[in-house]
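Protein chains in written order, with our numbering: chain W, 1 to 107; chain X, 1 to 816.
Hint data in this document are derived by calculation from the structure and do not stem from the laboratory.
Just so you know, these numbers come straight off a predicted model, no measurement behind them.
Hints may be right or wrong, so weigh each one.
As the list claims (entries may be wrong) - Within a straight-line C-alpha distance of at most 35 Å, the following computed DSBU-like cross-link-like pairs (lysine-lysine) qualify:
{"#": "1", "chain 1": "W", "residue 1": "19", "chain 2": "X", "residue 2": "232"}
{"#": "2", "chain 1": "W", "residue 1": "34", "chain 2": "X", "residue 2": "77"}
{"#": "3", "chain 1": "X", "residue 1": "516", "chain 2": "W", "residue 2": "34"}
{"#": "4", "chain 1": "X", "residue 1": "751", "chain 2": "W", "residue 2": "19"}
{"#": "5", "chain 1": "X", "residue 1": "451", "chain 2": "X", "residue 2": "807"}
{"#": "6", "chain 1": "X", "residue 1": "608", "chain 2": "X", "residue 2": "77"}
{"#": "7", "chain 1": "X", "residue 1": "559", "chain 2": "X", "residue 2": "807"}
{"#": "8", "chain 1": "X", "residue 1": "232", "chain 2": "W", "residue 2": "34"}
{"#": "9", "chain 1": "W", "residue 1": "34", "chain 2": "X", "residue 2": "751"}
{"#": "10", "chain 1": "X", "residue 1": "609", "chain 2": "W", "residue 2": "34"}
{"#": "11", "chain 1": "W", "residue 1": "19", "chain 2": "X", "residue 2": "504"}
{"#": "12", "chain 1": "X", "residue 1": "523", "chain 2": "X", "residue 2": "608"}
{"#": "13", "chain 1": "X", "residue 1": "232", "chain 2": "X", "residue 2": "504"}
{"#": "14", "chain 1": "X", "residue 1": "451", "chain 2": "X", "residue 2": "609"}
{"#": "15", "chain 1": "X", "residue 1": "523", "chain 2": "W", "residue 2": "19"}
{"#": "16", "chain 1": "W", "residue 1": "19", "chain 2": "X", "residue 2": "559"}
{"#": "17", "chain 1": "X", "residue 1": "588", "chain 2": "W", "residue 2": "34"}
{"#": "18", "chain 1": "X", "residue 1": "77", "chain 2": "W", "residue 2": "19"}
{"#": "19", "chain 1": "W", "residue 1": "34", "chain 2": "X", "residue 2": "504"}
{"#": "20", "chain 1": "X", "residue 1": "608", "chain 2": "X", "residue 2": "588"}
What follows is the residue order along each chain.
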Amino acid sequence: MQDVGLLDDIPVAGARTVKAGAFDIAVFRTTGGKVFALVDRCPHRAGPLSQGIVHGEQVTCPLHNWVIDLASGEVVGPDAGCSQTIPVRVEDGRVHLDLTVLIDEAA
Amino acid sequence: MTEKLVVIGNGMAPGRVLDRLFEAMPGAYDVTIFNAEPRTNYDRILLSPVLSGEKSYEEIVIHGDGWYERHGVRLLKGNRVVALDRQAKSVKGEDGTVEPYDKLIIATGSQPIIIPVPGHNLPGVLTYRDMDDVEAMLLAAQSGGLAVVIGGGLLGLEAAAGLKERGMDVTVLHLMPTLMERQLDPAAGHLLKRELESRGIRVITGANTEAILGDGYVSGVRLDDGTEIPAKLVVMAVGIRPNASLAKSAGLDVGRGILVDKHMRTSDPDIYAVGECVEFAGNVYGLVAPLYEMANVLADDLAGTPNGGFADQALATKLKVTGIDLFSAGDFADADDRDEIVLRDARTGLYKRLVIEENRVVGAVLYGDTADGAWFFQLIRDRADISEMRDTLIFGPAYADGAALDPMAAVAALPDSAEICGCNGVCKGEIGTAIDEQGLSSLGDVRAHTKASASCGSCTGLVEQLLSLTLGDDYNPAAVQPMCGCTDLGHADVRRLIVAKGLKSIPELMQALEWKSSEGCAKCRPALNYYLLSTWPGEYVDDNQSRFINERVHANIQKDGTYSVVPRMWGGLTNSRELRAIADVVDKFDIPTVKCTGGQRIDMLGVKKEDLPSVWADLNAAGLVSGHAYGKALRTVKTCVGTDWCRFGTQDSTGLGVRIEKFMWGSWTPAKVKMAVSGCPRNCAEATCKDVGVICVDSGFEIHFAGAAGLDIKGTEVLCHVDTEDEALEVIAALVQLYREQGHYLERIYKWHARVGIDSIRAAVVDDIATREALFQRFVYAQQFSQTDPWAERVGGRDAHEFQAMKDLSFPQAAE
Ligand SMILES: Cc1cc2nc3c(=O)[nH]c(=O)nc-3n(C[C@H](O)[C@H](O)[C@H](O)COP(=O)(O)OP(=O)(O)OC[C@H]3O[C@@H](n4cnc5c(N)ncnc54)[C@H](O)[C@@H]3O)c2cc1C
Ligand code: SF4
Ligand code: FES
Chain W
1 MQDVGLLDDI PVAGARTVKA GAFDIAVFRT TGGKVFALVD RCPHRAGPLS
51 QGIVHGEQVT CPLHNWVIDL ASGEVVGPDA GCSQTIPVRV EDGRVHLDLT
101 VLIDEAA
Chain X
1 MTEKLVVIGN GMAPGRVLDR LFEAMPGAYD VTIFNAEPRT NYDRILLSPV
51 LSGEKSYEEI VIHGDGWYER HGVRLLKGNR VVALDRQAKS VKGEDGTVEP
101 YDKLIIATGS QPIIIPVPGH NLPGVLTYRD MDDVEAMLLA AQSGGLAVVI
151 GGGLLGLEAA AGLKERGMDV TVLHLMPTLM ERQLDPAAGH LLKRELESRG
201 IRVITGANTE AILGDGYVSG VRLDDGTEIP AKLVVMAVGI RPNASLAKSA
251 GLDVGRGILV DKHMRTSDPD IYAVGECVEF AGNVYGLVAP LYEMANVLAD
301 DLAGTPNGGF ADQALATKLK VTGIDLFSAG DFADADDRDE IVLRDARTGL
351 YKRLVIEENR VVGAVLYGDT ADGAWFFQLI RDRADISEMR DTLIFGPAYA
401 DGAALDPMAA VAALPDSAEI CGCNGVCKGE IGTAIDEQGL SSLGDVRAHT
451 KASASCGSCT GLVEQLLSLT LGDDYNPAAV QPMCGCTDLG HADVRRLIVA
501 KGLKSIPELM QALEWKSSEG CAKCRPALNY YLLSTWPGEY VDDNQSRFIN
551 ERVHANIQKD GTYSVVPRMW GGLTNSRELR AIADVVDKFD IPTVKCTGGQ
601 RIDMLGVKKE DLPSVWADLN AAGLVSGHAY GKALRTVKTC VGTDWCRFGT
651 QDSTGLGVRI EKFMWGSWTP AKVKMAVSGC PRNCAEATCK DVGVICVDSG
701 FEIHFAGAAG LDIKGTEVLC HVDTEDEALE VIAALVQLYR EQGHYLERIY
751 KWHARVGIDS IRAAVVDDIA TREALFQRFV YAQQFSQTDP WAERVGGRDA
801 HEFQAMKDLS FPQAAE
């Protein structure tokens, strides 16, 4: 697990990005206090999900308004597709990501 | 020669007369109306929804200014007739205007009764009759406090519920032992009292007002038992009396009201009377249904095609307080030869009572569930024999037919002759035919074509059921398009309720308006943020997380996730210093594309997000600020060179454009706003397809608006002509402010204009100087909170997290 910073660095009902080589990771923080991470690419046309509006445990992509479920990375509603999820752990107010899933994919 | 028709009073009754007359014989009369009230014809019945905040005044206007113009009617607003000279056949207005007539209609309505107790004329004591009264109540309610309503009838209770809804502490004083005793029996009156009390309205029955207290201004009410109730506002709603004094002093026959025959003719053959001011066969009237009947009779007489004449009929009433279902019709006094059928359900607060005389229903009181009201009312009017179905009668038509119990069954069971809309006397058959033959598909269509449900609105449910019976699955009851899946409310409802309920944050709003999702969605959140921001300037704190990315980072996201940057060029003007700064920035940050926009400025495309603050810092240093090219806000004011350079120029179009842009930049609007100023009608700035455009002419400035040149193409409408730049600026700011207050989120000005109509916009922004001035002031007030350059703020460190990655792990490491 990789320490990427303080929980409080992420705005509530918002997101920050983490650069990980070829990938950008979007780290979301919900009003309910949960943290999720997804590869920052919309399954539609690669829009940056980190820039979308976060509502409940979903984010709406800023480019064409697809709605993505933060926990599963799946597109909600009539469209289909999925963004890769990244395991997250929050400990002592710090956010940790498990980036091995990316390496597996890259390999 | 066309005959001259003069009308005294501009209420609902004469409004209907003219509607019908113009339909039958357009242009037959040259019409002049005197109206003591300073406004056009509006739906008086719906004053209570305006008071409570469920409707706006604009929504209850029946005839806007345009209607009078279209029909060539001269309306003298705020001009009370003070004398009627039957010899000379003329009337005189209070401003001295003398107007001759060939035919005269007196429609002076009625006057609220004022109990002449000591203190009745103190300031702060109001009646409840017209829009002035509502405005005065709203003003008093702004600061909250204690209100007393004297009178527990229909009007008094609607006033009380409205004031309560507006945040006042309300006590109702009622002389009789139970509320609304003229429409309700004691049992229903009691249920009503309990319901009002549970809403926090205090009700004192058997309360006899002895005096209104106060020294210079009302401070309370004293009852004859000595009780004193403090109040800063007292509303007297104890009854009305026909307003017949003018007719009386002119020597017409007058009893309680102006006496008329069944064709509404008074004792003078050239004078008619109609509405609440008349007395017919010993009766006077206080509900609109019989008045509309009278209006039809009178219009037909004027058109030279008299019909059978007016006849007295049973009446039905509904209380228009949201959440209270109450219906009464006919006569329900106890008598020896009368029986009753009663159904009660204490748990649900249901109460139904039918009064039967010789196997016919003569009266009905329904409380808690009024769905069968129309059916019972029909039985009363038809004097139908009910002996066959007496056992199940009280359960309504569904049981009477032995059919399944289905909400639609009640409507399906009604005969075609059954009256659906009491106010306008429209029956089921008429509505069905109109739906079929004219292809109507919405409530709005039915209202427009048949007038059903267009007055008090209490038959709306029935009309909707009829639509769905007639059209089956083709009927989509969501006549109001909900904002999004999170609510059933439309944009207009939400805007109104924000003001009415004083909602000041998104969570508070979602709670109060029962949002169906916990945090809204990407559709409603930006809309709500805008509504709150524009409604409570300086008070509401902008919620960044509810804004689209473009407005959150003050640049436009592009398809590859980079951004574009467009600095403001006031009126399209620039200079070498600015151009040099732009060139330097492009080089320094390796910006791939530079392009001129359609709004006369320069767009730098392909800027990386993390570079934005540094790009802005360099642009700021040369005096360039954000152009808001990314916002639902004022975009550009495009100009031509006007008198500065052009040989055709009539005014300084560039200067005016710069002035408008400097005055209005930064203001958030429902959707983007693009403007232009052209120096002459050759229109090189293309002002006639903009949201707001100005065409300069020798004599001043023509203000245009509601153009479009995007998804839709549409030329502008001319709003008005003004003489000076100052006036042009004031009109434009007032127009934009009205749009800021009324527009639905993402609705461009041309769509807003199509929805509300040019008449209402012109009335507020051009005709009524006081309204324009107030709009202008509200715009100016809001601007003080919006004219800070957002780029400079971010260069200064604000929202830094938006522009930097949380962490850069350029070489992802294997997990430990
Ligand atoms: C708050 C409220 C709620 C109501 N609710 C209902 C309801 O739910 N159902 C229902 O059926 N009815 C209801 N009514 C009653 C209904 O509104 C009236 O019956 C109807 O409006 C009367 O119409 P009218 O044209 O006779 O008179 P009005 O609408 O009263 O119009 C008379 C007009 O004439 C003007 N005028 C008077 N004297 C002069 C003069 N000398 N010169 C020039 N102008 C003059 C007055 O200023 C007024 O504008 C309600 C009324 C009120 C006030
Ligand atoms: S609009 Fe008229 S004043 Fe302006 S540049 Fe064109 S011709 Fe000249
Ligand atoms: S790229 Fe996300 S919706 Fe199109």
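Tested hints:
1. W:19 x X:232: 64 Å, violated
2. W:34 x X:77: It is violated: about 62 Å lies between the C-alpha atoms, which goes past 35 Å.
3. X:516 x W:34: The given pair, whose Cα atoms are some 21 Å apart, holds under the 35 Å limit.
4. X:751 x W:19: Not OK: residue 751 of chain X and residue 19 of chain W at ~43 Å, beyond 35 Å, violated.
5. X:451 x X:807: With a Cα-Cα distance of about 65 Å, the restraint between residue 451 of chain X and residue 807 of chain X is violated, given a limit of 35 Å.
6. X:608 x X:77: Violated: residue 608 of chain X and residue 77 of chain X sit about 61 Å apart, past 35 Å.
7. X:559 x X:807: Between residue 559 of chain X and residue 807 of chain X the Cα gap is close to 24 Å, so the pair holds against 35 Å.
8. X:232 x W:34: 50 Å, violated
9. W:34 x X:751: It is violated: about 41 Å lies between the C-alpha atoms, which goes past 35 Å.
10. X:609 x W:34: With a Cα-Cα distance of about 26 Å, the restraint between residue 609 of chain X and residue 34 of chain W holds, given a limit of 35 Å.
11. W:19 x X:504: Violated - the C-alpha atoms of residue 504 of chain X and residue 19 of chain W are around 38 Å apart, more than 35 Å.
12. X:523 x X:608: 27 Å, holds
13. X:232 x X:504: Since the Cα atoms of residue 232 of chain X and residue 504 of chain X sit roughly 26 Å apart, the hinted pair holds (cutoff 35 Å).
14. X:451 x X:609: 57 Å, violated
15. X:523 x W:19: 29 Å, holds
16. W:19 x X:559: Distance of about 19 Å is within 35 Å: holds.
17. X:588 x W:34: 40 Å, violated
18. X:77 x W:19: 69 Å, violated
19. W:34 x X:504: 26 Å, holds
20. X:608 x X:588: 12 Å, holds
Hint compliance for this structure: hints 1, 2, 4, 5, 6, 8, 9, 11, 14, 17 and 18 are broken, all remaining hints hold.
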